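Q: Here the protein sequences line up with chains X and U, keeping their order.
The numbering of the first sequence is this note's numbering, which starts it at 56 and goes up by one.
The numbering of the second sequence is this note's numbering, which starts it at 56 and goes up by one.
Some clues are possibly wrong.
It does not matter which identical chain is used: a pair holds within one copy or between any two.
[Stated by the list, open to error] List time: in silico DSS-like cross-link candidates among lysine-lysine, alpha-carbon distance up to 27 angstroms:
(1) K450 to K438
(2) K371 to K125
(3) K125 to K111
(4) K74 to K212
(5) K111 to K254
(6) K371 to K246
(7) K371 to K439
(8) K442 to K371
(9) K189 to K439
(10) K440 to K189
(11) K111 to K489
(12) K371 to K111
(13) K440 to K371
(14) K74 to K371
(15) K371 to K60
(16) K489 to K452
(17) K452 to K371
(18) K438 to K371
(19) K450 to K189
(20) K440 to K472
(21) K371 to K444
(22) K74 to K450
No lab work stands behind these hints, which were simulated from the structure alone.
In this text the structure is predicted, and so the values were computed from the model without any measurement.
Protein chains: 2
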Amino acid sequence: MERIKPRTLSGFMELLPEKQARLERMMSVLRDTYSLYGFAPLDTPAIEDAQILLAKGGGETEKQIYRFQKGDSDLALRFDLTVPLAKYVALHYNELAFPFRRYQISKVYRGERAQRGRFREFYQADIDIIGDGKLDVLNEAEIPAIIYRVFRGFGLKRFQIRVNNRKILSGFYAMLGLTEQSGDIMRTVDKLEKIGPEKVRNILCTDCGLSDEQAQEILSFIAITGSNEQVLQALQGYAGRNELFDQGLQELRQVTDNLAAFGVPEENFAVDLTIARGLDYYTGTVYETTLLDHPQIGSVCSGGRYDNLAGYYIDKELPGVGISIGLTRLFYVLDEQGLLNPALPAAPADALVLPMTEDPAPAIALAEQLRQAGVRVQLYAEKKKFKQKMSYADKLKVPYAVLLGEDEIAAGQCSVKNMVTGEQVTLAPDAAAKFILDGLAEQNGPIILE
Amino acid sequence: MERIKPRTLSGFMELLPEKQARLERMMSVLRDTYSLYGFAPLDTPAIEDAQILLAKGGGETEKQIYRFQKGDSDLALRFDLTVPLAKYVALHYNELAFPFRRYQISKVYRGERAQRGRFREFYQADIDIIGDGKLDVLNEAEIPAIIYRVFRGFGLKRFQIRVNNRKILSGFYAMLGLTEQSGDIMRTVDKLEKIGPEKVRNILCTDCGLSDEQAQEILSFIAITGSNEQVLQALQGYAGRNELFDQGLQELRQVTDNLAAFGVPEENFAVDLTIARGLDYYTGTVYETTLLDHPQIGSVCSGGRYDNLAGYYIDKELPGVGISIGLTRLFYVLDEQGLLNPALPAAPADALVLPMTEDPAPAIALAEQLRQAGVRVQLYAEKKKFKQKMSYADKLKVPYAVLLGEDEIAAGQCSVKNMVTGEQVTLAPDAAAKFILDGLAEQNGPIILE
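Bound-form chain X, shown alone (with noise of 0.2 angstroms):
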């Protein structure tokens, strides 16, 4: 037979079962957070019409995406899940109820070039709340909530997620007299923690064509830092000398004002007057987050508010607001930093039942009685020697290995060897599901490590 050498292409994430069971469990976390919070799943097709897609148009987004011909068809691979979400909106808008809440962890494609961490295909994991006409800006509130619930799930603490507004920002160049350079003085402030204050002077006086007093003033404004109350506090300084600015700071504050009840502590977020966000299309509060010990890894988590979500498709005023998590990327960089813990069992079965008889139906029957127990069980069905059995259960990293011989069944019990510490107990099967099960939850940890 001819054989074709397997591959799989590059820029494409294909995970071993041990990493995939890895993944999985952060997926878990987020399908489970996101319910938690009444946000529906929605599930759209990966391959939409080119031409609704690329509605917006333009740029990166027009170079990256796969577009390719199927009969009369002119198709395109997402390479959001936003552009999605406002045609499913508009094209269902009378079937929805408002505000309408959904959450989306699928696949996006985006052919960009190869190379290390970068990724073709990739999970995003997106949250979105859309009002019809209005949106409360309470909605905007609740979005730390799920952020922390999130990271808290992967078993993280030294996280933050920083806040700030884009009507301060807007408001604020406005007072400047700025209002036109505002799109790009903001790009240019979002360079800051990467560039430093140095560069963004001279890209603000160079580029944007600022003054220095005025470049001065905006980096003694981003300068503004400490507690939340301590910013806020600088800030009411500058109110009353522009709507949107106060506007702006008004929802700051109900933002602020609200973590405590939402749960969210202190040292978990902060207000940061540096984050703008890239995007043109936030009109209010934005989002970052990053994992305090790993300053390099970048937002991993970002989103803000919106004005318009669908205006390409209906003739409908659809504020939101919402953020997205780059799933694979994420995954990439811990996995890539050894930040996975590695102390959690990653074994597609808790428990593997090793018949050492002639008939199986014994090893079967305890292998089902284990199973309505809620313990994942692996039947091992071959006829090896015992030492291939166990080399098995090894390389598969089985956390429990169930022996079942003429003895045991004589006496209506089984043989639970812990693969870790070695030691061996004999017990009835209800005990023994009760003893896997117990010994799983004191392995239970969490999923990233600080």
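On the provided structure of chain X, position chain U as indicated by the hints.
A: Showing chain U alone in chain X's frame:
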């Protein structure tokens, strides 16, 4: 702004939230059941090198595949989950523990002619057990147990797992001197249920070139029915004339003998000699599953034993056994026939918390408390009149609304309204959470009706 009319491509399923919730429940049963039997979740890329996907080549596949260029690459979307599995196992052969058990619930793509109930993007939910060189028949015996748990998990009782063994068929044809024609014969016999015995006889005589006696022998053989034991007894009458036949009969016995230990009731299982499965690559046990009260749906879960998973990619004998559920089509048909239990809650939240005071903090804290107890809570953040708030609750079909006004806050309580019965009780938050979770448990029922 110039607008583009939003649409979803024909042949692509995109569900409203309520239906999506029902599909998610089915997926969740599949994930949980597959996991309980020790299968590892696998997630391969949707895009692969076209040459690799088409290694086997030929026929419908080549016409239906979505294939396109990006840069210099000849790419294609997967059209099933078996070819990517073969590639994966060949590529990672040295890193996997065998038997390798994986499940994959993913979308696949086939550019078929669009027609009602046919999808171009659809979920398959597959499991496979792959051996290295050998794979014990006990694995084939385990598959019906997994099918049984899946469909019981969907809430069904009236379904039948129908099983045959290709070796019995091949051996039988060899007895008649029809080995050469056995492929054609099996494909013909596979149509028995659709076209009836007379048309099968015609095709056998005319197209396959069988004599009247040979055709009669085959029709008599596949007419063998009765209890599993009766069918096995009848088959015993053919024993001793062909080695392959005898081996198949022995395998079939091993599958049926262990059903009781696996907990599969006799009424959910039938040996059925008419089942051959069209595909040439099955070599042992084959499976089909039908809903007894809805035979027109056809087989909802099929598969079998094969001997050579990845011969196109690697010089290793990799036998396996697997089944596949065409989830999207199954869901579509069930929905069309009104078989998705409408009584089962499908709202994105269990409870909608409605703040009735100016300060939202008490309602926020209450929502968090309910979530801590495991209730999926949506916080209604809009400043609307009471009637509008309740109308949103109705539209969302949320099972419970939780009202929090000044009186409740003062008393440390909240009012919980059952949105179906209209019944309202005032309780402390902990008791409210328990009340809601108990109520939901009562509303629990089958996902699919019979």
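Q: Each hint should be assessed against the structure and marked as holding or not.
A: Outcome of the hint check:
1. In this assembly of identical chains, the alpha carbons of K450 and K438 lie at most 27 angstroms apart only when taken from the same copy (17 angstroms versus 58 angstroms across copies).
2. Taking identical chains as interchangeable, the C-alpha atoms of K371 and K125 are never at most 27 angstroms apart, the minima being 32 angstroms within one chain and 36 angstroms between chains.
3. Proximity of K125 to K111 under the C-alpha cut-off of 27 angstroms is found in both arrangements, the shortest distances being 23 angstroms within a copy and 22 angstroms between copies.
4. With identical chains, the CA atoms of K74 and K212 are at most 27 angstroms apart within one copy only, with a shortest distance of 23 angstroms there and 37 angstroms across copies.
5. Taking the shortest Cα distances, K111 and K254 never come within 27 angstroms of each other, neither inside one copy (31 angstroms) nor across copies (57 angstroms).
6. In this homomeric assembly, K371 and K246 never come within 27 angstroms of each other (Cα to Cα): the closest approach is 34 angstroms inside a single copy and 53 angstroms across copies.
7. When the C-alpha separation of K371 and K439 is checked against a cutoff of 27 angstroms, the pair qualifies only between copies, where the shortest distance is 19 angstroms, while the shortest distance within a copy is 67 angstroms.
8. Taking the closest pair of Cα atoms, K442 and K371 come within 27 angstroms of each other only across two copies (23 angstroms); inside a single copy the shortest separation is 68 angstroms, beyond that limit.
9. When the C-alpha separation of K189 and K439 is checked against a cutoff of 27 angstroms, the pair qualifies only between copies, where the shortest distance is 11 angstroms, while the shortest distance within a copy is 67 angstroms.
10. Only between protomers do K440 and K189 lie at most 27 angstroms apart by alpha-carbon distance; the minimum there is 14 angstroms, versus 69 angstroms within a single protomer.
11. Taking the shortest Cα distances, K111 and K489 never come within 27 angstroms of each other, neither inside one copy (56 angstroms) nor across copies (48 angstroms).
12. Proximity of K371 to K111 under the C-alpha cut-off of 27 angstroms is restricted to the intra-copy arrangement: shortest distance 16 angstroms within a copy versus 50 angstroms between copies.
13. In this assembly of identical chains, the alpha carbons of K440 and K371 lie at most 27 angstroms apart only when taken from different copies (22 angstroms versus 70 angstroms within one copy).
14. When the C-alpha separation of K74 and K371 is checked against a cutoff of 27 angstroms, the pair qualifies only between copies, where the shortest distance is 25 angstroms, while the shortest distance within a copy is 44 angstroms.
15. Taking the closest pair of Cα atoms, K371 and K60 come within 27 angstroms of each other only across two copies (13 angstroms); inside a single copy the shortest separation is 53 angstroms, beyond that limit.
16. Taking the shortest Cα distances, K489 and K452 sit within 27 angstroms of each other inside one copy (20 angstroms), while across copies they are farther apart (38 angstroms).
17. Taking identical chains as interchangeable, the C-alpha atoms of K452 and K371 lie at most 27 angstroms apart only when they sit on different chains, with a minimum of 24 angstroms there against 55 angstroms within one chain.
18. For the homomeric pair K438 and K371, the shortest alpha-carbon distance between copies (20 angstroms) is at most 27 angstroms, but the shortest distance inside one copy (66 angstroms) is not.
19. Only between protomers do K450 and K189 lie at most 27 angstroms apart by alpha-carbon distance; the minimum there is 18 angstroms, versus 56 angstroms within a single protomer.
20. For the identical chains of this complex, K440 and K472 are intra-copy neighbours only, at 17 angstroms inside a copy versus 62 angstroms across copies, given an alpha-carbon limit of 27 angstroms.
21. In this homomeric assembly, K371 and K444 come within 27 angstroms of each other (Cα to Cα) only across copies, at 21 angstroms, whereas the closest approach inside a single copy is 64 angstroms.
22. For the homomeric pair K74 and K450, the shortest alpha-carbon distance inside one copy (14 angstroms) is at most 27 angstroms, but the shortest distance between copies (41 angstroms) is not.
Of the numbered hints given earlier, the model fails hints 2, 5, 6, 11; all others are met.
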